[in-house]
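Colleague: For reference, the chains in residue letters:
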Amino acid sequence: MNLVQVVEQLLQTDGGNITAHRHLPAKAAKLVPFPASTDPRLVAALRERGIAALYSHQATAATALAKGRHVVVVTPTASGKTLCYNLPVLNTLLSDPQARALYLFPTKALSQDQIDELRGLVDAMDVELKTHTYDGDTPVTARPLIRKAGHIVVTNPDMLHTGILPHHVKWMRLFENLRYVVVDELHQYRGVFGSHMANVLRRLRRICSHYGSEPQFIFCSATIANPKELAEKLLGEEVELVDDNGAPRGEKHVILYNPPLVNRQLGLRRGALLTARGLAANFLANRIQTIVFARSRLTVEVMLTYLQEAARQQRLPAGAVRGYRGGYLPLERREIERGLREGGVLGVVSTNALELGVDIGGLEAAVLVGYPGTVASTWQQMGRAGRRRGASAAVFVASSNPLDQYLVNHPDYFFSSPPEHGLVNPDNLLVLMDHLKCAAFELPFGEGERFGVETTAEALDYLVDSRVLYRSKGAYHWSSDSFPAEQISLRSAARENFVIIDQSQGARVIGEVDRYAAPTMIHEEAIYIHEGRQYQVVQLDYEEKKAFVEPVNVDYYTDANLAVELQVLAEDAGRQDRQSADAHGDVRVTYVPTIFKKIKFDTHENLGSGPIYLPQEEMHTTAYWLTLGEDTLAGFDREQIQSGLNGLGNLLVNVAPLFLMCDPGDIRVACQIRSPHTGRPTAFLYEFCPGGVGMSERLFRLRDDLLQRCLELVRDCPCEDGCPSCVGPAGEVGESGKAAAARILSRLLSDGPR
Amino acid sequence: MDLAERLRGLGYVSAPRPAAVPSPLPGAAIDDLVPGEWRETPHGRCFVACSRYPLQHEHGGVALRQALDLRAADLARLGRSADLKELDFATTAFLDTETTGLAGGTGTYVFLVGLGYFTGDGFVVEQYFMGEYGEEPAMLAALSAGLARFAAVVTFNGKAFDWPLLRTRFDMHRRALPVSEPLHLDLLFPARRLWRERLGSCCLSSLEAGALGLQRTLDVPGWLIPSLYFQYVRERDARPLRPVFAHNEQDVLSLLALTVRLGRHWQDPLRESAHPLDLFALGRTFEIDQDWGTAALCYEEALARGLPGGKHQEALFRLGITYKRLAKLDDAERVWRTLVSRPSAALLTPHVELAKYLEHREKRYAEAALVVERALALLARQVGSPWQAQRSDQDRTSLEHRLRRLRRKTAAAASGGDSQAWREERQ
Numbered sequence: 001m002n003l004v005q006v007v008e009q010l011l012q013t014d015g016g017n018i019t020a021h022r023h024l025p026a027k028a029a030k031l032v033p034f035p036a037s038t039d040p041r042l043v044a045a046l047r048e049r050g051i052a053a054l055y056s057h058q059a060t061a062a063t064a065l066a067k068g069r070h071v072v073v074v075t076p077t078a079s080g081k082t083l084c085y086n087l088p089v090l091n092t093l094l095s096d097p098q099a100r101a102l103y104l105f106p107t108k109a110l111s112q113d114q115i116d117e118l119r120g121l122v123d124a125m126d127v128e129l130k131t132h133t134y135d136g137d138t139p140v141t142a143r144p145l146i147r148k149a150g151h152i153v154v155t156n157p158d159m160l161h162t163g164i165l166p167h168h169v170k171w172m173r174l175f176e177n178l179r180y181v182v183v184d185e186l187h188q189y190r191g192v193f194g195s196h197m198a199n200v201l202r203r204l205r206r207i208c209s210h211y212g213s214e215p216q217f218i219f220c221s222a223t224i225a226n227p228k229e230l231a232e233k234l235l236g237e238e239v240e241l242v243d244d245n246g247a248p249r250g251e252k253h254v255i256l257y258n259p260p261l262v263n264r265q266l267g268l269r270r271g272a273l274l275t276a277r278g279l280a281a282n283f284l285a286n287r288i289q290t291i292v293f294a295r296s297r298l299t300v301e302v303m304l305t306y307l308q309e310a311a312r313q314q315r316l317p318a319g320a321v322r323g324y325r326g327g328y329l330p331l332e333r334r335e336i337e338r339g340l341r342e343g344g345v346l347g348v349v350s351t352n353a354l355e356l357g358v359d360i361g362g363l364e365a366a367v368l369v370g371y372p373g374t375v376a377s378t379w380q381q382m383g384r385a386g387r388r389r390g391a392s393a394a395v396f397v398a399s400s401n402p403l404d405q406y407l408v409n410h411p412d413y414f415f416s417s418p419p420e421h422g423l424v425n426p427d428n429l430l431v432l433m434d435h436l437k438c439a440a441f442e443l444p445f446g447e448g449e450r451f452g453v454e455t456t457a458e459a460l461d462y463l464v465d466s467r468v469l470y471r472s473k474g475a476y477h478w479s480s481d482s483f484p485a486e487q488i489s490l491r492s493a494a495r496e497n498f499v500i501i502d503q504s505q506g507a508r509v510i511g512e513v514d515r516y517a518a519p520t521m522i523h524e525e526a527i528y529i530h531e532g533r534q535y536q537v538v539q540l541d542y543e544e545k546k547a548f549v550e551p552v553n554v555d556y557y558t559d560a561n562l563a564v565e566l567q568v569l570a571e572d573a574g575r576q577d578r579q580s581a582d583a584h585g586d587v588r589v590t591y592v593p594t595i596f597k598k599i600k601f602d603t604h605e606n607l608g609s610g611p612i613y614l615p616q617e618e619m620h621t622t623a624y625w626l627t628l629g630e631d632t633l634a635g636f637d638r639e640q641i642q643s644g645l646n647g648l649g650n651l652l653v654n655v656a657p658l659f660l661m662c663d664p665g666d667i668r669v670a671c672q673i674r675s676p677h678t679g680r681p682t683a684f685l686y687e688f689c690p691g692g693v694g695m696s697e698r699l700f701r702l703r704d705d706l707l708q709r710c711l712e713l714v715r716d717c718p719c720e721d722g723c724p725s726c727v728g729p730a731g732e733v734g735e736s737g738k739a740a741a742a743r744i745l746s747r748l749l750s751d752g753p754r
Numbered sequence: 001m002d003l004a005e006r007l008r009g010l011g012y013v014s015a016p017r018p019a020a021v022p023s024p025l026p027g028a029a030i031d032d033l034v035p036g037e038w039r040e041t042p043h044g045r046c047f048v049a050c051s052r053y054p055l056q057h058e059h060g061g062v063a064l065r066q067a068l069d070l071r072a073a074d075l076a077r078l079g080r081s082a083d084l085k086e087l088d089f090a091t092t093a094f095l096d097t098e099t100t101g102l103a104g105g106t107g108t109y110v111f112l113v114g115l116g117y118f119t120g121d122g123f124v125v126e127q128y129f130m131g132e133y134g135e136e137p138a139m140l141a142a143l144s145a146g147l148a149r150f151a152a153v154v155t156f157n158g159k160a161f162d163w164p165l166l167r168t169r170f171d172m173h174r175r176a177l178p179v180s181e182p183l184h185l186d187l188l189f190p191a192r193r194l195w196r197e198r199l200g201s202c203c204l205s206s207l208e209a210g211a212l213g214l215q216r217t218l219d220v221p222g223w224l225i226p227s228l229y230f231q232y233v234r235e236r237d238a239r240p241l242r243p244v245f246a247h248n249e250q251d252v253l254s255l256l257a258l259t260v261r262l263g264r265h266w267q268d269p270l271r272e273s274a275h276p277l278d279l280f281a282l283g284r285t286f287e288i289d290q291d292w293g294t295a296a297l298c299y300e301e302a303l304a305r306g307l308p309g310g311k312h313q314e315a316l317f318r319l320g321i322t323y324k325r326l327a328k329l330d331d332a333e334r335v336w337r338t339l340v341s342r343p344s345a346a347l348l349t350p351h352v353e354l355a356k357y358l359e360h361r362e363k364r365y366a367e368a369a370l371v372v373e374r375a376l377a378l379l380a381r382q383v384g385s386p387w388q389a390q391r392s393d394q395d396r397t398s399l400e401h402r403l404r405r406l407r408r409k410t411a412a413a414a415s416g417g418d419s420q421a422w423r424e425e426r427q
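Taken in order, these protein sequences are the chains called A and B.
Be aware that the first sequence starts at 1, since it is given in this note's numbering, and climbs by one per residue.
Be aware that the second sequence starts at 1, since it is given in this note's numbering, and climbs by one per residue.
Simulated from the structure, these hints should not be mistaken for lab results.
Nothing here was measured: the structure is a model prediction, and the numbers come from that model.
One thing to keep in mind: the hints can contain errors.
[Said to hold, decoys possible] Cross-link-like lysine-lysine pairs, in silico, DSBU-like; alpha carbons within 35 Å at most:
(1) A/148 - A/27
(2) A/170 - B/159
(3) B/85 - A/170
(4) B/159 - A/108
Just chain A, same shape as in the assembly:
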């Protein structure tokens, strides 16, 4: 059977489980001729590669850049985004061989692909343009030449942070002549990582300014709700948005699939993994090239085993189904990619679209096991199935996670524009101070110089008091024998990390967890997953910040409960009406883990629990809170108020990630039946990151939308009294939790939107 026939058959046999089937028609390319200013050598080289004209968005980007603007290009997968920057960069280099460009990619794998593509073009043009990666793997002997003479230097944020900026004098040629900085995968730079990256870019621009250059920035992003805002926050300047995607697309069938209920009362469903395996095996049996995306490396392993067995039974050659892991060497990746292009590889199982190279051709089918966490990445993964011509299909199989269930049951929401906002807070105080130190190490600060915030002088004086800087004749000099960049991880806000040690074969450090996450992630008996392998924490030495683990093989994961005390320190903004009041501001959260639960993979059953004995921790962060007025709770007895509030809190924290691009643990809820701050029942949504990254303020702005989604989730959930997919199990939340929460929400929204 061909793809369309398989899809039709699926719609017939499994129609009851399919909550949506959309047929996206084919789209023709929107072509624009090369701009007149394009160097003829470049035009010839591109024609040689089959590119005779530009897609609309590539041309728009080139035009905006020619006007001297910074640009953010939003493109779905495989729509020729590299040409959006390679064209203007190469064009400039061809006319000015002194010019330089810097390309930033989050992973080395992507860097390598870029180099290959660039070199291909440069070779075709037969010019002397040097393009090199510069990272930890670059041989020491090659480095001086790249620094002096490399026209395009491809690197990653960490290398820029510790290897290039603090040694900028060695890079003088580059910085003096820097014309472009390309930042790919913009949407990855959000949350704490994004806040760090914004500061790394501040330091970069500061150094460019010192050498007299003002490069133009070219950002590339997947589809998120606020690409322009995110780019502008990261850069601190206005950025022009380019989103008129002109790439062609074959017709596409998108299916949302909800595995059937196996226990209606408890709300338990058939596992997503099991369901997805059947769907994928069916595609493979029909010789349809398929990619399967799973949420964790562990699931990838399990799925791979199943599908390889299925392939064997269908008499497919060995190597027809491959796993695709980030840790693979370039050679292995090339092999699999070639196999996909040439047809030798029929099936691939992977965790992350990011780990795939730039060009693997278009597969025919994609199956997503569970929700990848954001609508943006869902489309990115689905986008891996798709050809310029011919049909493709993408199937999203929902797990019992509340978000999965919400999306699969509200397909309109899923198919309308993506709601997630990438959030960063470049002025998060902890992050800012770290980079202020790095910047002072790089170049002494002058009197009145600003680094992001207006209170720079105050911060610098604080560092002088701490004996880290010395002030001489108005300038602030680095006055310590340490190297600040080395002590800062771009991916965490805490400096004291816990180290995780596998003691099964000697003592091997396998990972790190930041101090705030430690109580919930690596308490004793916790299951910790690393690179697809499961480990159990055998001992946690809290003082020494070490967790000792050993490998295990179990069918559950653990989830810890926190007892939280929350105190409002300052309110940044608030409003009130008859039904309720809400606000956001700074809070102090004191938390201690209490018990942990063992939760079965796939079905999310509770298999048991155990106590956790760990000391209390404190964190200052930001929060959004919603206070319920008397009218909202009219006619409720005490139990209903309590369980309604809890239920509401759980709904809020489950739905919030729909709007914020965050990981599940990044935003949490604490309910106070009689809040010391408000005097009334209040639900607090707080960020689990010191200083916060802006989520609280965003929730405050999105209040009505947020509450609307909560209402839809609880109203449309088929369970009776509550389940993990909506307000939480009745046993935890309270008997009337579901009903009370639903009533509260409809009352809150009865006044109409604000």
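Based on these hints, arrange chain B on the given structure of chain A.
Modeller: For chain B alone, kept in the frame of chain A given last:
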């Protein structure tokens, strides 16, 4: 909430203290405590400490004047660079820096640069001092004028550390070094080659103790120096800083003494080296530089003076190889025989070489065959890693091939001689 409170609440670890306004203590300024002069530059003035030593002054058992007897050719050999033949101590600076840290990068400052050089009648050590950060332009200007007199520098680890750091400081102020690429003799490399075997560590202080016989008393440890400087910048009391000047000055003198020692080892290895391990190390380095004659002399002398067990065998082995290079095959044979006959013989090469000698020079095939059999037995006893097993297979195959040929020749000789046999496959 002010900044400090907010930072504390966020878990920022640091101990703020109210900044004290520095006022120089009477009698405790740097020019009160260290002899020197203030030099004027377009960027202000810079303090340069200055000491003079007569040529006969001794440091580490070496008289400073002995440097003037060194031959540039020897220095070129030990420095492994032909252009060092141009080295002339009249235009050479012995250079050592003190810095605010070892990390490198643009936030590491050089606060003291010691320059030692010969004048007509003595040896001068100048020390260019950056009193505080704002004085860096003045210090670099004075240093630039100072360095402009020299075409060469001698350092210890300067190629990787001191010189690039100086270049960074000049670059930060958009100045050029007066001689951007001087002749550069970095003593770290020859010192390692000669002394690592015997002394283990090759940091400057171990070398001083082990090679110069010098023990500094009351010296400030290197790791403490940055914090002493930071303290000085804040409190302007030069008293704790005086030992840093002394330390730096001693470093410069030791550079000179080491140069003399190293130069003399290369010039006359047998006379200069007291210790057999040093001679052995010299033998290795001359061998690598393809000076077989001197290498052989060093090995012979080292063996004569007595080497510890494992080293003895290794030296014998290298001597054998060196003799072979010199085409002194009879001498080589004696060495192979010694090595082969030892109960602890573990190397294949001596067996193979001896067998070749016996086969081709002496035509004693039966005896050669016996040696090859011993080699095969040795190989059979060896236990190694999987890749060694592969090598062993290759060795075994080659030895068996040799043995077969020798047995053929023995048989042929016994049955009336056959000059054909040895024409087959020589070596």
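Colleague: Look at each hint and say if it fits the structure.
Modeller: Consistency of the hints with the structure:
1. A/148 - A/27: Violated, at about 45 Å.
2. A/170 - B/159: Holds, at about 15 Å.
3. B/85 - A/170: It holds: about 30 Å lies between the C-alpha atoms, which stays within 35 Å.
4. B/159 - A/108: holds (31 Å)
In this structure, the one hint that does not hold is number 1.
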